[in-house]
Structure formats: structure tokens, C-alpha cells
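Engineer: Sequence:
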Amino acid sequence: MTTIGVVIPVRNNGPLLAETLESVAAQTRPASAVVVVDDGSDDGTLEAVRDDFPGVTWIRQEHRGTAAARNRGAGATDCEALLFLDADDLLRPGALAALGAALDADPDLEMVHGRVREFVDERTPPPPGMRHAESEVTARIAGSTLIRRSLWERVGGMDEDRPRGEWIDWMSRALQAAPSATEVGEVVLDRRLHAANKSATATDRAPYLTSVVRAALLRKRGVAPT
0 MTTIGVVIPV RNNGPLLAET LESVAAQTRP ASAVVVVDDG SDDGTLEAVR DDFPGVTWIR
60 QEHRGTAAAR NRGAGATDCE ALLFLDADDL LRPGALAALG AALDADPDLE MVHGRVREFV
120 DERTPPPPGM RHAESEVTAR IAGSTLIRRS LWERVGGMDE DRPRGEWIDW MSRALQAAPS
180 ATEVGEVVLD RRLHAANKSA TATDRAPYLT SVVRAALLRK RGVAPT
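Counting from 0, one number per residue, gives the positions in the sequence shown under numbering that gives the first Met the number 0.
Since the hints were derived computationally from the structure, they do not count as laboratory data.
Note that the Cβ used here is the ideal one computed from N, Cα and C, for glycine as well.
Possibly wrong hints are sitting among the right ones.
[Said to hold, decoys possible] Label-pair restraints from in silico Cβ distances:
{"no.": "1", "residue 1": "Ala75", "residue 2": "Glu133", "range": "18 to 26 Å"}
{"no.": "2", "residue 1": "Arg153", "residue 2": "Glu21", "range": "30 to 38 Å"}
{"no.": "3", "residue 1": "Asp120", "residue 2": "Glu185", "range": "30 to 38 Å"}
{"no.": "4", "residue 1": "Asp50", "residue 2": "Glu135", "range": "30 to 38 Å"}
{"no.": "5", "residue 1": "Glu79", "residue 2": "Phe52", "range": "18 to 26 Å"}
{"no.": "6", "residue 1": "Arg63", "residue 2": "Gly43", "range": "37 to 45 Å"}
Please take these sequences and the hints and turn them into a complete structure.
Structural biologist: Next up, the structure:
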């Protein structure tokens, strides 16, 4: 079976991270490695979480951003496939089994994603301008997508100069590399909508989405983005 490494970047908010790690521990197909990269947390909430999950590899770094944390985590495991899970989202119990089975069945397949259910966390309601209703979508977001390491190495890591939008930028580069990809039809991820989401509203997303689109167009023309 394909070995799967789950990489979780986090900064503060230990209680939500604990729920995320519980969802990883509940997988019907266990992850071969779970790496949490603490990106300079300073609220003291991660200490108790560490004690409750002794099988997890913990890495601490100075605050350098999500892209740097994901790259650091990917380099800390030699698993054959990687899943980048946000520290406030939840894997469905059969997520790794469904995604991993697709890679097991086709050695040439480099990427597989599943469906996502978005839900509202009423403890910290989303701000005005953000979706407040639950929905189910098909999306190649980080936590719903399993990437074969060969694709990760071919495309390269995430752009550490981007404070936001690093996953969208990486996926844009990955799709331009024309990988063999597929989709499983089941929900694999519960994505939490709450006040602390990095891309809470359309206004928040607009600047970095524009930057990602510009970079993709430049690459398509053979020009290095600046």
C-alpha cells in the first residue's frame, strides 16, 4: 500500500488542532506519518495537545508562514504520498482509505481529491460577507487532496513568499505540469467555517487570487513571475 504522510501546519488554537488530530487518529486506514509543524505559536495552547498525541512528529519553527510550515513538514517524512491538512479541518474516517485506494490501484496516478462538506462552527461564527450555510462541494483544497510525492518533487514546494494563497498557487503550478489526476465521489473532509479563517471573505481573497492568476499567466507565456 502507498504510504501516506499527513502534514498539519498550525499557529496557536490548540483546541481546534486537537479535534483535527482526533480525526486523523480515527482513520480506517492509518496514516504512515503525521507531522505537525508549529509555526511560532505563542498562546501556550499546544502544550497539552502534544501530550495527548504521542505518535505525532512535532516540529517547531519561528513564524514563517503556512507555506514554509507545509514545506518543512513535507521534508520531514519520506512517505510516498502527502496530504496537507489545515489545523481546523476534519478528515472523515474513511478519507485516507478512499484517497489511498485510488493511488494503490494506479501507479501512474499522481493526484486524487474528494468532496468537501463546509460547516459553520457556532463557537466562533463567520464574519459578515462569509458563507454561513453548510454546503457540499467538489474541490481540490489542501485537506481533500492526496498528492504523490513524485508530483510534489516535480512541481516543487509551496511559495514561501506568499502570505496567503500558497495552496492555490501550488495547485495552479501542479495542473500546468499536467499530472494524472482523478476524483473520488465521496466526502473526505469537513471544512470548518469560522471567524479565524485566513480567507474569510471575498474581499480578503481578491488580492492574492489576482496575484496567483497573474503568476499562472506569466508561466504559461514562459515568463518567470516576479
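Engineer: Against each hint, give a clear statement of whether it holds in the structure.
Structural biologist: So, going through the hints one by one against the coordinates:
1. Ala75 - Glu133: 18 to 26 Å: violated (34 Å)
2. Arg153 - Glu21: 30 to 38 Å: With a Cβ separation near 33 Å, Arg153 and Glu21 satisfy 30 to 38 Å, so the hint holds.
3. Asp120 - Glu185: 30 to 38 Å: violated (23 Å)
4. Asp50 - Glu135: 30 to 38 Å: The hint (30 to 38 Å, Cβ to Cβ) holds, given that Asp50 and Glu135 are roughly 35 Å apart.
5. Glu79 - Phe52: 18 to 26 Å: holds (23 Å)
6. Arg63 - Gly43: 37 to 45 Å: Violated: the Cβ-Cβ distance is about 20 Å, outside 37 to 45 Å.
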